[in-house]
Amino acid sequence: SAVISQKPSRDICQRGTSLTIQCQVDSQVTMMFWYRQQPGQSLTLIATANQGSEATYESGFVIDKFPISRPNLTFSTLTVSNMSPEDSSIYLCSVLPGTGELFFGEGSRLTVL
Amino acid sequence: GESVGLHLPTLSVQEGDNSIINCAYSNSASDYFIWYKQESGKGPQFIIDIRSNMDKRQGQRVTVLLNKTVKHLSLQIAATQPGDSAVYFCAERSQAGTALIFGKGTTLSVSS
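Just so you know, the sequences run in chain order A and B. Just so we're aligned, residue 2 is where the first sequence starts under the working numbering, counting upward by one. Just so we're aligned, residue 88 is where the second sequence starts under the working numbering, counting upward by one.
Please keep in mind that the hints were generated in silico from the structure rather than gathered at the bench. There could be a bad hint or two in this list.
Ranges between beta-carbon positions, derived for each pair [said to hold, decoys possible]:
id: 1; chain 1: B; residue 1: Gly103; chain 2: A; residue 2: Thr80; range: 41 to 51 Å
id: 2; chain 1: A; residue 1: Gln15; chain 2: B; residue 2: Met141; range: 44 to 54 Å
id: 3; chain 1: B; residue 1: Ser99; chain 2: A; residue 2: Asn51; range: 38 to 48 Å
id: 4; chain 1: B; residue 1: Ala183; chain 2: A; residue 2: Thr45; range: 20 to 30 Å
id: 5; chain 1: A; residue 1: Arg11; chain 2: B; residue 2: Pro169; range: 24 to 34 Å
These figures come from a predicted structure and were not determined experimentally. Quick reminder that beta carbons are idealized off the backbone N, C-alpha and C, glycines included.
Let's have the full structure, built from the sequences with the hints guiding it.
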């Protein structure tokens with residue numbers, strides 16, 4: 002299992018600004034992922050955060066908008082850049098410690114005005 | 088109990104009833120499937136999983152059924168309780184070590 006802490010848990014931001022979300026895991030994990038959950042919707046994979054190399058982005062998500070860092074096996078950040086109201090979502094960090102389920106953080110609830 | 092043949096966004100049941108939540112998955116090559124429960128304001132929590140070499144798996148009060156022929160997954164909750172009220176998501180994985188792809192959620196409401 003894994004315990005994941007995300008910061009901030011929620012924030013209200015102004016249009017055009019950027020926000021960095023932090024994800025800390027209590028153990029070393031190779032696989033770490035970032036998801037977005039828009040209001041009332043399912044989870045959509047943004048990218049796989051690769052340790053020591055550039056993240057792998059899913060279709061529809063680009064590095065300029067969602068830069069990701071993964072400096073070590075227990076920590077990652079996701080930045081939401083130049084925010085607009087359409088970026089209002091829950092952003093979730095998740096890890097795959099073994100071969101089974103993903104473990105999720107509580108999410109970072111972002112509201113863009 | 089309450090059951091649905093196709094995915095519905097909401098399901099309302101009485102306490103003590105059995106609930107069945109359905110999900111259609113997209114990739115016939117997926118070899119791992121999982122159900123998550125998400126309560127309001129929280130991240131998804133693991134309920135039960137199943138690998139593609141099985142068609143049924145039971146947990147405590149929950150059962151997952153997998154029908155690979157029609158790419159259908161279901162979650163059965165026995166004796167549903169008010170604490171089961173949440174949004175339930177199915178997810179699939181096409182390759183070991185990769186992320187999960189989530190299906191549409193079903194909001195389960197349990198009334199006393």
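- prompt: Measuring from beta carbon to beta carbon, are A:Arg11 and B:Pro169 in 24 to 34 Å?
  reply: With a Cβ separation near 26 Å, A:Arg11 and B:Pro169 satisfy 24 to 34 Å, so the hint holds.
- request: Mind checking the hinted window 44 to 54 Å against the Cβ distance between A:Gln15 and B:Met141?
  value: Given a distance of about 50 Å, which is inside 44 to 54 Å, the answer is holds.
query: Between B:Ala183 and A:Thr45, does the beta-carbon spacing fit 20 to 30 Å?
result: holds, 21 Å
- prompt: Is the distance from the Cβ of B:Gly103 to the Cβ of A:Thr80 consistent with 41 to 51 Å?
  reply: For B:Gly103 and A:Thr80 the Cβ distance comes to about 48 Å; the hint holds.
- request: For B:Ser99 and A:Asn51, compare the CB-CB distance with the range 38 to 48 Å and indicate the outcome.
  value: The hint (38 to 48 Å, Cβ to Cβ) holds, given that B:Ser99 and A:Asn51 are roughly 43 Å apart.
Checked against the numbered hints listed earlier, the structure breaks none of them; every hint is satisfied.
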